[in-house]
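There are 2 protein chains.
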Amino acid sequence: MQNKLSVYEELRDQGRDLITRPPDTTTSPQQSHRAKQNTTVTVTAYNRSSPHERRAVGVGRRWDVLHVWSTARILVPLLREEGFDVHALCGRSEEEARSLAQELGIPFHTSQSDDVLLHPDVDLVCIYIPPPLTRQIAVKALGIGKNVVCEKAATALDAFKMVTAARYYPQLLSIVGNAWRFLPAFVAMRRLLTEGYVGELQVCDARVYGPSLLDQSYGWTCEELMGGGGLHTVGSALVDLLSHLVGKRAQRVHGLLRTFLQQNGAIRGIRRITSDDFCFFQMLMGGNSSGSGAGTASGVCCTVTLNFNMPGDFVHEVMVVGSAGRLIARGTDLYGQRNGSVREELLLRDSGGAGPEVHLPHLRGLGSMVTALKQAFQGPTERRSWVRGPIDMAATFEDGLYVQTVVEAVKRSSRSGEWESVEVMTQEPDPNQNLCEALQRNKN
Amino acid sequence: MQNKLSVYEELRDQGRDLITRPPDTTTSPQQSHRAKQNTTVTVTAYNRSSPHERRAVGVGRRWDVLHVWSTARILVPLLREEGFDVHALCGRSEEEARSLAQELGIPFHTSQSDDVLLHPDVDLVCIYIPPPLTRQIAVKALGIGKNVVCEKAATALDAFKMVTAARYYPQLLSIVGNAWRFLPAFVAMRRLLTEGYVGELQVCDARVYGPSLLDQSYGWTCEELMGGGGLHTVGSALVDLLSHLVGKRAQRVHGLLRTFLQQNGAIRGIRRITSDDFCFFQMLMGGNSSGSGAGTASGVCCTVTLNFNMPGDFVHEVMVVGSAGRLIARGTDLYGQRNGSVREELLLRDSGGAGPEVHLPHLRGLGSMVTALKQAFQGPTERRSWVRGPIDMAATFEDGLYVQTVVEAVKRSSRSGEWESVEVMTQEPDPNQNLCEALQRNKN
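Protein sequences, first through last, are from chains A and B. Heads up: the first sequence is residues 1 to 444, going by full-length UniProt numbering. Heads up: the second sequence is residues 1 to 444, going by full-length UniProt numbering.
One or more hints might be untrue.
[Unchecked claim] Covered stretches of chain A, as calculated for chain B (at least 3 residues, CB under 8 Å):
hint : stretch
1    : 117-130
2    : 237-250
3    : 417-424
[Stated by the list, open to error] So, partial list: chain B residues that the calculated Cβ filter (under 8 Å) puts toward chain A:
hint : residue
4    : Arg258
5    : Thr303
6    : Thr305
7    : Asn309
8    : Ser341
9    : Glu345
[Said to hold, decoys possible] In silico negatives: residues of chain A with every beta carbon more than 12 Å from chain B:
hint : residue
10   : Glu81
11   : Gly83
12   : Ile267
13   : Gly331
14   : Glu398
These aren't lab readings, by the way, just hints derived from the structure by calculation. Just so you know, even glycine gets a beta-carbon here, dropped at the ideal spot from N, CA and C.
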């Protein structure tokens with residue numbers, strides 16, 4: 001308990017550091033701090049009961065550290081810091097929800113998602129649960145008329161259903177919370193790219209190395225089909241980030257997935273890990289896609305290497321290379337070098353000594369995202385309404401569908417060994433297709 | 001001239017630093033310094049006449065710096081340092097040969113390769129010329145009965161002809177001088193791999209980023225078919241190194257080549273660069289190769305990223321990751337981390353402040369290779385004979401053929417977009433195949 005509390009305190013301090021208020025804010029400190037007293041938030045986080053389990057909530061992009069922290073523990077202080085009232089918490093079990101709500105001082109808790117979704121005081125629902133459950137709650141929340149911030153879905157079909165719901169309720173906020181888009185280093189990188197710092201963009205190279213993403217007990221993180229593995233968890237965030245930075249979408253992908261660790265001390269016997277711990281994929285963005293093979297097309301080549309068999313030091317590097325220079329984000333810092341200059345310049349230093357290095361990119365990004373959310377809800381006078389401006393750079397559900405499509409194309413490529421084209425679903429596949437075909441045949 | 005001389009002096013100092021004598025050497029300093037007075041060497045290096053041209057000799061693995069240095073300028077002092085008599089120098093033109101021979105103090109010079117090959121005083125021929133010319137001189141040198149150290153050939157067919165010659169004269173030394181195999185960091189890495197430092201090897205990841213490999217004027221470096229480009233020049237050395245480190249050969253490869261810079265200030269008009277400046281390939285080594293695609297096979301995955309659109313800072317990193325830890329060579333230093341330990345440990349520090357960082361891995365490797373050559377020639381009393389022990393780790397012509405085969409498979413894969421299997425040539429393709437088929441058809 002001692003440990004939990006101290007970590008929580010540390011986190012609050014960090015949360016404070018994380019928030020970088022834009023210089024053009026015109027609100028007074030008081031106003032900014034308590035933006036809109038009555039915008040209330042509910043956090044849906046399925047926390048496991050045992051404190052020894054590594055992953056407290058079904059979230060991908062922060063690891064290792066999650067045996068003590070959960071996304072709720074990270075998110076709730078950030079939301080409060082920005083003036084949101086965190087009103088309700090939904091957990092997997094009554095007991096788990098109660099304990100976490102008590103710890104975080106949240107007045108209402110439940111294990112029934114309907115209780116929070118139907119609650120009249122709730123304006124914004126943050127959904128951080130295992131990928132296979134995300135679609136169900138996100139779609140329901142939109143149907144009830146709540147604004148939604150959620151994690152990615154497990155499959156492209158789920159993502160498509162979420163897109164359909166989001167299109168149906170355009171007045172509601174619906175974003176896939178890829179915090180990396182909000183990280184100051186990537187915001188600056190994107191700006192510099194449009195300003196032509198690197199000249200004509202040629203190559204993006206992203207690498208994330210870290211310790212295992214697996215839970216300590218068998219669960220969705222072990223299962224490729226449930227959205228486990230490096231590609232789904234980290235790779236999807238990189239697909240989203242790179243497409244966002246480049247401003248183009250992947251047309252063709254090639255990938256290689258491996259599960260080097262198929263069993264471990266906790267997962268053994270008849271159980272096997274199917275989710276990847278090594279993943280390596282290439283995306284071709286823009287350019288001429290008609291050429292055979294990959295040799296002739298121009299456009300931007302993105303390469304992503306993920307390796308989660310590397311305990312200890314953590315590598316998080318995104319590099320973009322163009323005809324006139326390059327930009328490199330290492331962790332939360334941004335470096336650049338133009339072709340003429342002798343050495344690399346530090347363009348943005350953002351690692352102000354807060355917290356362990358390993359999850360900084362995500363934590364800082366999350367902080368900036370919550371700040372943007374605050375600004376979105378700050379403007380309008382109506383409690384539940386919001387403005388698009390501040391969260392314009394967030395990933396929409398449409399982006400989420402695109403990312404899932406790329407992820408599935410990479411998986412397909414790893415099985416086929418070939419380049420696979422990325423074709424975003426435009427209508428739901430007929431679940432009774434075989435049946436219909438059989439009926440058709442009978443009729444003729 | 002001032003510049004050349006000062007660089008040369010600097011190089012000599014560096015050459016001295018480079019030579020790391022093994023601690024178990026039993027020869028006296030005098031002996032070691034003047035190993036075998038009468039082993040003479042000829043260096044065949046086609047040097048360009050203009051000092052403004054970037055690449056003085058047809059050598060791949062050192063760049064940028066080559067507008068002043070040439071391999072001859074690097075190699076000759078190293079050879080002398082180890083007690084070899086550098087007897088003759090062959091250049092492309094009489095004038096060029098004379099000027100370089102004068103500069104380096106070499107008694108005999110010519111522009112006719114036969115003059116040096118047939119010279120009775122010459123025991124060892126070092127061939128550092130553009131790839132398309134290597135085969136011809138290497139095969140001829142072996143035929144005349146000289147020991148050969150050379151650079152890679154331009155094509156697998158050339159490499160096959162060199163293998164045939166080497167097999168025919170097994171008593172002659174014939175090595176492809178991949179200096180990286182001799183670099184102390186990689187020697188240590190290989191030893192640690194066999195000792196199980198990283199446990200079961202899973203992934204190798206090599207990256208070399210640097211400035212353009214192109215000559216300042218149009219030449220073989222611009223032509224893919226003549227052995228220009230990052231894949232052929234640097235990639236082939238990495239293929240050789242990784243196979244040497246892993247102890248297995250690539251079975252299937254997948255690659256992507258790009259020529260981002262197709263014209264520049266010096267190469268324009270109707271001329272276009274066809275050699276790659278960005279290359280990205282994967283090799284699957286060992287494991288089960290029968291599975292469809294790449295998803296199911298086990299074995300070691302190697303990924304190589306080469307980017308030569310990055311002036312300024314130079315990145316040269318080779319990482320091997322296994323089940324129990326990892327080893328990383330950054331430049332000439334070796335780092336390691338076992339899974340249990342908190343931080344990376346420095347295993348070998350070898351960048352003792354000599355020369356610019358950019359070409360250190362190659363320079364140091366070359367130094368170690370020359371030392372090994374000296375040891376090979378030191379033992380036997382007969383002037384031209386040698387022992388295998390010290391140069392056992394050198395790449396043979398057979399290795400050279402394998403490397404060329406991988407390089408061509410990667411090029412094929414980049415065109416087809418598919419995984420290509422590596423099948424080493426076992427007999428020379430019939431050059432008159434079409435003719436024979438036509439005759440066959442006429443007969444029937």
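Status of the hints after comparison with the structure:
1. 117-130: Three-residue rule not met by the stretch 117-130 of chain A, so violated; n is 0.
2. 237-250: violated (count 0)
3. 417-424: Result for this restraint: holds, n = 3.
4. Arg258: With a closest approach of 6 Å, the Arg258 of chain B hint holds.
5. Thr303: holds (6 Å)
6. Thr305: Thr305 of chain B check passes; min Cβ-Cβ to chain A is 6 Å, inside 8 Å.
7. Asn309: holds (6 Å)
8. Ser341: holds (7 Å)
9. Glu345: Violated - the Cβ of Glu345 of chain B stays beyond 8 Å from chain A, reaching only about 11 Å at its closest.
10. Glu81: Given a closest Cβ separation of 32 Å, the condition holds.
11. Gly83: About 39 Å separates Gly83 of chain A from the closest Cβ of chain B, which puts it past 12 Å; holds.
12. Ile267: The claim stands: Ile267 of chain A keeps its Cβ more than 12 Å from every Cβ of chain B (closest is about 15 Å).
13. Gly331: holds (16 Å)
14. Glu398: Nearest chain B Cβ is 28 Å from Glu398 of chain A, so the label holds.
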